[in-house]
Structures are given as C-alpha cells and as structure tokens.
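Participant: Sequence:
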Amino acid sequence: MSSTNDGSLSRSRIWKVSLLPTLLIVATLVAASIQASRLFEQSLRPDLRAKAETLAQTVALQFHRAADLGIPVNRLGAADAYLDDAALGHEEIRYIGFASPDGHLLYASRDLKAKPASFFDKVLKAHALEEARGLARLDGDLDLVHPVVSRGRVIGQLHLGIDTTYAEQRLQEIHTDVLITLFVTALVTVEVLMALMGLLVIRPLRLLRRLLELGGAGDFTRQARVRLHDEATRALASAGRLVRGLNRRHAALDERAAPELATLRERFRFGDPKAPAALEEPGTSDLRLPLFVFLFGSELSRSFWPLFVKRLYQPGPYFSESFMVALPMSLWVTAMVVCTPLAGRLLNTKSSRVAMLVGMVPAGLGLFMTGLASSLTELFFWRVVTAGGYGIVTTTALLHVARTSKQSHGARSMGVFVGASTAASVCGTAIGGILADRIGYAATFGVASALVGLAMALVLLLAPDLGPVRAREEGEPRAMAAYLGILKRGRVLLFILLAAMPARLVLTGFLFYLTPLRLHAMGFTEAAIGRLMMGYFIVTVFATPVVSLLADRHGWHRGMMLVGGGLSGLGVLLFASAGGSWPLLAAVLLVGLGQALAATPLLASIPPLFAEECAGFGLDSLLSVFRMIERVGSLVGPLLAAALLGASGFVRSTHVIGVGMLALTAGLAAYLFLRSLPPTTPTPKTP
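So for the sequence shown, the working numbering puts the first residue at 6; every next one is plus one.
Treat the hints with care, since some could be wrong.
Claimed, not checked - Here are the simulated EDC-like cross-link-like pairs (lysine to aspartate or glutamate), alpha carbons at most 20 Å apart as the crow flies:
| # | residue 1 | residue 2 |
| --- | --- | --- |
| 1 | 127 | 146 |
| 2 | 120 | 85 |
| 3 | 493 | 617 |
| 4 | 120 | 144 |
| 5 | 118 | 146 |
| 6 | 315 | 383 |
| 7 | 315 | 326 |
| 8 | 118 | 144 |
| 9 | 130 | 146 |
| 10 | 120 | 90 |
| 11 | 120 | 96 |
| 12 | 56 | 146 |
| 13 | 127 | 144 |
| 14 | 127 | 116 |
| 15 | 56 | 168 |
| 16 | 118 | 90 |
| 17 | 120 | 146 |
| 18 | 56 | 89 |
| 19 | 127 | 107 |
| 20 | 56 | 96 |
| 21 | 56 | 90 |
| 22 | 130 | 144 |
| 23 | 56 | 97 |
| 24 | 130 | 107 |
| 25 | 56 | 173 |
Hints are computed from structural coordinates only; laboratory data are not their basis.
Sequences are here, hints too, so could you generate the full structure?
Facilitator: Below, the structure written as structure tokens:
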C-alpha cells in the first residue's frame, strides 16, 4: 500500500472512530441542555415579577419616608429624576410611574413621559378588568402596581412596566449560547479525538510497521521511543524488546565465533544495545492538539479586545481613542515579527518541542497579567510579552508542518495548521464572548492562561522530541543574510505585497478592529459580537479541507487565491451597508469564505513559484520572510482602519478597505498572468 493511500486510510479511520463518541457526547449534552432550558424558562418569568416587586418596594420606601417626614407626595420636586435613576440598569423595566390614590399620574420616568397622555388611562382600565390584582397586561407588556402606604393609609401607587419581550430575548440568547456551546464541544471533541488517534494509535502502528519492515530487511539498528503505555504502544514496545534482545545476543558473542559473525553481519545489521538509534517518523499532525489548545486560549479575547482596551482609555491631548484602541493590535504584530526568527533558530538548534515550550511560557504569563492590567501602559507591556510567545509558537508549528509535509500534499499539510488555527478561532471567539458577558474580562483572561498551561502539558506529554532539525552547514547563508537576499528579490516581495498583505489588512483592520466596535455601537453585547464573528471562523473551518483537497488535486492554487481576494472585498463592502443581524452575518461569512480560499493554497504555492529562492536560501528562510512581511499587513491594518475611522467614519473607511482589497486582487491577477508567460529569448541579430 502506498504512503499516500495509507495516509488517506488513516484519516478515514480517524474520522470514523471520532464520529461515534462525538455524537454520543453531543447527544448527552443536547438532552441536558433541553432540560436545563425548560427549567430556566419556567423560572425566568416568575423571577422577573419577583425582581420588579423588589424594585417597587425599594422605590416605595423613599416615598414612604418622605410622607412620614410630613412632605406632601405631590410636592416632591426631584421625584421624576429619582424614578429615572431607579429604572436605569434594569433592561426589563420599561418605565416607572407614581400615581395618586385616585389614579392621577404625579411623577413618571423618562420613558413613561414620552408616551401619549391616554396611555396611563389604558393602564388603569387594564387593571380594572384584570382578574389577578396587581398585575395587568397591556399591549403585550405587563404593568405591576404596588401600593405606597404611610401611617396606615395608601398615599399613592407605583406602576412598573415590565417588558415581556425581554424574557423571550433572554431565552433566545440562552438557546443560542447553548447551541454554540454544543457546536464548540463537538468541534473540540473531534479535534482532540483526531489528534489523540493520530498520536496514540496511528503513529505507533506506523512505527511498528516500519520497525518490522526494517527487521525484514535485516536492519536491527533502530528502536522506537515509547512514551505512553496503551495497547498500540505496548505492541511497539514488545517489538522493541525483541530488537534489543537480538542486539544483546549479537554483542555477547565472543571472538571464537568471529567467522560466523562476519557471515552474520553480511546479512544483518545490528545496533548498540546500550544506545540504539531512535526510529522516528515526524508527521504534520504531531503538534496539532497542543497548537489547538494554545490558540483556543489565545483567541478567547478576540471578540471583545477593542472593547477591553476602550475601557482603559483615558482621554489625552495627543492621541485619539481610535488610535489607542488600535495600537495594542499593532504592537502585537510587531512583537510577533521580532520573535519570528527565534522560532527557526530554536528549531534548528534545539527541537520543535523546546521551541513550543519557550513560546508558551511568556504567552501564558502575558495573558494572565493582561486581565489584571489597570492602565494602558501595563496592557501594552503584557500584550507585547504575549505576542512574542505567540509568534514563536505559531512559527514553530508552521515550520514543523512545512518540513514534514510532502510536496504533493502541500496544501493539505498546510491545512493541518490552518485547520487547527481556524477551529481554535471558532471556539475561542464564541466562548470568549460568552465568558466575558458572564464572568467578566479578567476571569476570561485567567481561563485563557489556564488553557495555555494545558497546552504546555500536552507538548510535554505528546509531542515527540526529535532533536535539532539540522545544523547550519558550512557555506550556507546565515539567517539574516538569507532574509536580506530574499528581500532583494523584487518578484518575491511583490507577490507577498499583493497576495498576503491585503488578506491581513482585511483580517486585522476590518474583522478584528472595526467589526467589534461597529457591532458594539449598534447595541450588540459581547456574547452577540462573539456569535456573529464566529461565523467567519466557521466558514474557514469547513472550507479549508475542501479548498486544500481541490487545490492539490486540480492545481487550482492561483485561481482560488484570486477568487478569495474578490470575495473578501465584496464581503467588506456588504458589511458597510448592512443594517440587520442577518445581512451582517452574511457579510462576515462572505469574508470568511474569501479568506479560506485565499489563505489555504497561498503557502503551498510558494515553493513552486519560487523554486530558485528555495534552493538558494532555503524554504525556512523564505517562509520566515513571508510571515514577517505578511505580519506587516497585520501591523498596518488596525492603524489604517483607526485613521480611516477617525477621518471619515465607519461606512467610508469600510468602503476604502473593500475597494482596496479588490484593486490589490486585480494586481495579483496581473502579476500571476505575467509570471505564467513563457520567458522570451532575444532573437540573434542578423549580420
């Protein structure tokens, strides 16, 4: 069986094995969620009335005290303002009014004053017709009446308007959050099961087959490392003990058997029984689970980050609010760019395992301290620390995938990286918004830091320690010299500027910066913002494997990049004119589809497009330069969006980004067309 077919069969088996437990887990959670929703629905409406009655008692107490002091209730000058303050912060309370015992309205909150004069007459008639005393239904809302008593007599009545649609809205939000949680649970379950199946079942069986193949060929010099003790690894350990036994017996033969040993060594090769050579088979999915958990934690703040920064902003004479909100996002990218070369150096001198751990330590610490920041200065510092670790981890994973993938499966191998990052973005963006809405910003950053700690434990437990990838050979260009040499190649730089930077501008400037601010200004909560932004990542999760497969099978890498750029630009333009939740969601989905089409085949198209540069400077150096310049787009994106927002408002700034994306995509199409033309050879001049 070929390795290609074997890999496809392994993926098929992993999917089949992962599907059943995922369905069982989700079915159990669905049953529990339905039961919890019913209980919550049964208790919500009575709780709303109980809360309104408690508020009425609190407000009535102030009128009671005034009457006890001898102040006539019809001469309380600040009563209207007091009722406004009392209604403030209670979303389910539409209005509060105070009426005399004969039904004449004396004081009213702002919302009740805005209603026509006949409205309160309808309220009184509704109470006269209602069988349940104290609560009347009017135009779909409820009016709660509470008597105000002083010295044994009724001096007035409080009327509280209860919004009945509030309960429906809250129930709808809860049901949506439950569905999102179920979806995230299924996604996390699939990611974890697929990664564990690959690491704990498929990988040991592949090593066992490789060990048996070597033994069949007479090679007993290698032995697989066993880190865990389950069925598959126990079978691998048994084969390893057999190999060690053969090596010990071979070493125990004395010199009298020299002629026989010579004959034996002609047929077989034996290793050192004390220090056997390691048998490893590095794969693209080795780091998928730790990377997924790490990115999950890092993405928890995605949906509310601009709002979190805005909360700490203090007006000053030099910098506008829009600039200060965008600055941490640009500092994040700057720190990532600075730390990107360190990942390649650690990978070459240590191992991918060490590089991942080195990056995760500052990232986890930075996330925890970011939640405790009390000023923008503290936030900026810890954001830079977090970004440095994030850059090391993501670049290490990218280089690991690039080095262990096969040329024929470039897009699919990169899909491992893109798939893990987008799946984590779906989970982090959705759950982060819900957590911020429920437990606050600081606690959400604490959860993010804990997830990074879990990712570190998974690296120690699951990631293979392969050692340094290679040492720098004599005559090989140093990293900085290679970077400078690549930057001097105009065709490489132009491709990155046209293909990679526009996508990052849209991602960081539009989606991560403008979108949360716009949705918050439109009245969306943190959880609602997270739900809507999650649509972007859901599209990329489902589109990435399909795009990877089609790009590799049909060679559509360049065409998909162009279509993706066009769809991204159109999605941004649609968002600018959208007014409701569904048009906004459609725009975000369109941007997500465009980014999936453009990003997945992008990295895989670099080696064939720039084979000369890969041979001269190395694929690692080329990818590092690619990522650094790509991140310049991420750096410029928020600052450009902030400048446009401050100068021309949201709609025009979004139009500029969308039209710019379409123009740069047209430039990329022209570039690829010119590159596809055969080189022209000068015709010799006739004498």
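Participant: Evaluate each hint against the coordinates.
Facilitator: Verification of the hints:
no. : hint        : in the structure
1   : 127 <-> 146 : holds (12 Å)
2   : 120 <-> 85  : holds (15 Å)
3   : 493 <-> 617 : holds (14 Å)
4   : 120 <-> 144 : holds (13 Å)
5   : 118 <-> 146 : holds (17 Å)
6   : 315 <-> 383 : holds (14 Å)
7   : 315 <-> 326 : holds (7 Å)
8   : 118 <-> 144 : holds (17 Å)
9   : 130 <-> 146 : holds (14 Å)
10  : 120 <-> 90  : holds (18 Å)
11  : 120 <-> 96  : holds (18 Å)
12  : 56 <-> 146  : holds (16 Å)
13  : 127 <-> 144 : holds (10 Å)
14  : 127 <-> 116 : holds (16 Å)
15  : 56 <-> 168  : holds (13 Å)
16  : 118 <-> 90  : holds (14 Å)
17  : 120 <-> 146 : holds (14 Å)
18  : 56 <-> 89   : holds (17 Å)
19  : 127 <-> 107 : holds (15 Å)
20  : 56 <-> 96   : holds (12 Å)
21  : 56 <-> 90   : holds (16 Å)
22  : 130 <-> 144 : holds (13 Å)
23  : 56 <-> 97   : holds (10 Å)
24  : 130 <-> 107 : holds (13 Å)
25  : 56 <-> 173  : holds (17 Å)
Violated hints: none; the structure is consistent with every hint.
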